[in-house]
Amino acid sequence: MIVGSHAITTETLAGAKLRRRKSLVDVSCDAVLALLLLVFVAPIAWMIVLSFQSDRAIISMFWELDLTLANIAGILAEDQPFRAQLVNSIAIVAGTVALCGTASTLAAYGLSKLKLPWWLNASVGASCAVVPLLPPMALVPGFYVTLIQTGLLGSLTGLIILNTILNLPFATVLMKIGFDEVPPALQEAASIEGAGEARTCWTIMLPLVAPSLITSSLFTAIMTWNEFLMGLTMTSGGTTSPLSVGIASLVQPYEVRWGQLAAVGSLAVVPIMVASVLASKRIIAGMTRGAVK
Amino acid sequence: MASVEIHNVKKSYGTLQALHGISIQIEDGEFVTLVGPSGCGKSTLLRMLAGLEEISGGTIRIADTVVNDLPPKDRDIAMVFQNYALYPHMTVAENMGFALKLKNADKREINVKVERAARILNLDKLLDRYPRQLSGGQRQRVAMGRAIVRDPKVFLFDEPLSNLDAKLRVSMRAEIKGLHQRLGTTTVYVTHDQVEAMTMADKIVVMRDGAVEQIGSPLELYDSPVNMFVAGFIGSPAMNFLTGEIQADGFFVGDVRFPLPEIASELRGRRAIYGIRPEHLSIAEDGIAAQVQVVEPTGSETHLVLEVDRQEVTCVVRDRLEVKAGDEVRLSPDPNRIHLFDPADERRL
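As they're listed, the protein sequences go chains X and H.
Residues in the first sequence are numbered consecutively from 8, following this note's numbering.
Residues in the second sequence are numbered consecutively from 2, following this note's numbering.
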């Protein structure tokens, strides 16, 4: 009897699910979402399409489809700076992710797990909160002078250091949240078993905060790849600048090379979009770590 | 293996004194439990023994070495944590062998020791699993395995069974006790559960508000508690306390007379608290009249909550009784098992 009624309940539930019709509200919600998606995706899709169009077709009064690989070939040509700029951007991102990841991990471990004096904790915390609020433009003069004096102006090392400075506060906060989540008993157990501070950090803590490290690294990578201001002001342009600056150089006083602009733009945007989509789950998981037990 | 001497140990956080000069002597191979209500300082004391908390005053010796300023790793102790503290990214075998790996022990030697400990704890089939793939009881055993592998001077347990369900707790209790009998390692075990303390320990230290109330074997504490706190804390259900007056022919709660053994004549006429354990009250025809409030059958015995002269009394009887709430029964206390306490300072008279 009981088994029978249970079976009927399950069946009814399954049936209800199948038969459930979309209400008018659901449909209009879907429509709004689709429209929003179009608004955000259309310009990027359009840019990608433009990168395969000839300049004549782009500026034509009518809709034309004149597919060509000339734009791509053009920006990748030997005499163009974009190849070098792409390499620069990749090098800056790699260097920044490594430096910022190391520095933020060590800083966050200290803040979270070592018994530091309260004023040190407070001042590091405060600077993590304040530095991201400063307009980067306000920092340019100071950075510029510092880079001149250290001989790093125009070098990749200089840009790696600047990008690290800009991204370190957020990465540190994110890593600290990760470290805070590791139960203190693990650290204590390791210390009783004979592990020193460095060993504990490396073999116990680091594997456990790997998700946070991945999140903060992805975030740093995206921010650094897109960074424009420092790339513009701290390099002398051409083959010394990152790709983000190179795109802007295609808008010239007497000519805008739309096709090549679109091609470089696609080159800059597509990798980071793919990375973001692949990593979005990770980023959200990392950001909300510790929010709910 | 080693003896442990805790001498006048104090702990203060700023102006707050958490431990007020605690002294405990733990013999080589002894199983000692620290028991008391939450916040009594028992875990703090254990953590000081482990080196996880600084000692504000006094000395702790392990095997005749003062360890006050030694870091945890140099104290040769192993600790089992309440939440097990297993390394989530390591397998059972890696968890158990971690300490040996830190000592740069030979890989073969690590394997031999881990396998031996795994056999003792029935973990040999789980060595390749990760902690998240284990049940609570298995995790608990891995935590113990991690301690055994190191063959330390002292085992420290910090409420290791409180995360397990009631049935598992009973079986793990027996397992830990069996393990101690087999290995003979000096053990300090913290718990808030007096049943755990009674069943496992050679010696119990009852603590309250950062001070030791009484130290003794389980039966010493049961038979002659030094004050009302220990009397009420040890034993389940808890001891009954009745306020009244000592007279020549018995103890009077209002007009009701409770029997007393031979007592010194100078106690006559003074107010006192009469303590009697529920299991030392029996139902007898010529006893004290009491009204039944609640009947709790547990199967093997029946707990009766009764009222005598507006004071509540619990009684445990092994016979099956046909009584219900509102009935009257007659109680007979065993005069040789009663305890008298001073109502002012709650000490034993």
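Misleading hints may appear alongside valid ones.
Using 25 Å as the maximum straight-line C-alpha spacing, the simulated DMTMM-like pairs for lysine to aspartate or glutamate come out as follows [unchecked claim]:
#1 X:Lys122 - X:Glu188
#2 H:Lys74 - X:Glu204
#3 H:Lys104 - X:Glu204
#4 H:Lys104 - X:Glu195
#5 H:Lys74 - X:Asp33
#6 X:Lys120 - H:Asp77
Hints are computed from structural coordinates only; laboratory data are not their basis.
Quick rundown of the hints versus the structure:
For the hint pairing X:Lys122 with X:Glu188, the CA-to-CA distance comes to about 16 Å; that is within 25 Å, so the pair holds. A hinted pair counts as satisfied when its Cα atoms are at most 25 Å apart, and H:Lys74 with X:Glu204 qualifies at roughly 11 Å. At roughly 15 Å between alpha-carbon atoms, H:Lys104 and X:Glu204 fall within 25 Å of each other, so this suggested pair holds. As the CA atoms of H:Lys104 and X:Glu195 are separated by approximately 17 Å, the hinted pair is consistent with the 25 Å bound.
Between the alpha carbons of H:Lys74 and X:Asp33 the distance comes to roughly 62 Å, so the proposed pair goes past 25 Å and is violated. Note on X:Lys120 and H:Asp77: the hinted pairing holds, with a Cα-Cα distance of about 23 Å set against a maximum of 25 Å.
The structure shown violates just one earlier hint, number 5.
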